[in-house]
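Residue numbers (the numbering used here), protein chains in the order written: chain H, 1 to 140; chain B, 1001 to 1140.
Certain hints may be false.
Taking lysine-lysine pairs in the DSSO-like style, the calculated list, with each CA pair at most 30 Å apart, reads [stated by the list, open to error]:
(1) B/Lys1131 x H/Lys131
(2) H/Lys74 x B/Lys1131
(3) B/Lys1131 x H/Lys36
(4) B/Lys1074 x H/Lys40
(5) B/Lys1131 x B/Lys1074
Note that these hints are calculated values from the structure, not bench results.
There are 2 protein chains.
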Amino acid sequence: MKPGVSIPKIYDWDDRKGPKPVDPALDGLVRDIIGKVADKWTMLILEALSDHGTLRFSEVGRKVGDISQKMLTKTLRQMEEDGLVQRVVHPVIPPHVDYSLTEMGGTLGAAFCDVWLWAEAHHARIEASRKAFAERNGAA
Amino acid sequence: MKPGVSIPKIYDWDDRKGPKPVDPALDGLVRDIIGKVADKWTMLILEALSDHGTLRFSEVGRKVGDISQKMLTKTLRQMEEDGLVQRVVHPVIPPHVDYSLTEMGGTLGAAFCDVWLWAEAHHARIEASRKAFAERNGAA
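Chain H with its partners taken away, still in its complex shape:
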């Protein structure tokens, strides 16, 4: 763990009965939030909007890269619902819609920084580990 910081303790473990949430409502909420934000598309969209500010739908897709229209629509809608992304419809002709991070979305992007840095710092070790795993398991 990071010095001085530990993962928040939301559980009071009971070995015989499994996890016993300290506060079942908070437990459910935090897990639900983690289940939605711990997602690669969410991370890539946060990065795109953080780097580029306001983008139209098709621009978000281009910045993210290989995302399908369906997944882009679904992820942006979820992010809007959770208050991470602001969607603005401009009543012009032809109308257009753009997306930007809310202040809360910006703070989540910042929270994911260490995970990006970790992935960049460890990719060679992960590759070596995958190769060793394949060799141990007779696949190479």
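With chain H fixed as given, assemble chain B onto it according to the hints.
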């Protein structure tokens, strides 16, 4: 973004042509790694092993909570392949297998700390945002 830290720039954006990776191999690797670790089950298993040290398969499942056996098997195997988890088979009768974090797994757990803290700090605002979204969209 966090003061003094920004998301690593692995892309050199070209607005007309979409993302143009500075180094396509690094681009693919970092995205692949994010795609695997940015996953709620990975985060919950990292938390369980970080809190409890070495655990048997069934214990990991109990600590994580509502994960299926199939998803637990798949996620632990992926984490072993990537070098995040060490799997030890004890040649005793009856044999048993246990799991613990590698040093690299520990550093990823630490990298996710800020995301846990973020989820805990923002759950009330996210709930409020979801409620407002449902009202705007006529679902409440």
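Consistency of the hints with the structure:
no.: 1; hint: B/Lys1131 x H/Lys131; in the structure: 47 Å, violated
no.: 2; hint: H/Lys74 x B/Lys1131; in the structure: 18 Å, holds
no.: 3; hint: B/Lys1131 x H/Lys36; in the structure: 16 Å, holds
no.: 4; hint: B/Lys1074 x H/Lys40; in the structure: 18 Å, holds
no.: 5; hint: B/Lys1131 x B/Lys1074; in the structure: 35 Å, violated
Hint compliance for this structure: hints 1, 5 are broken, all remaining hints hold.
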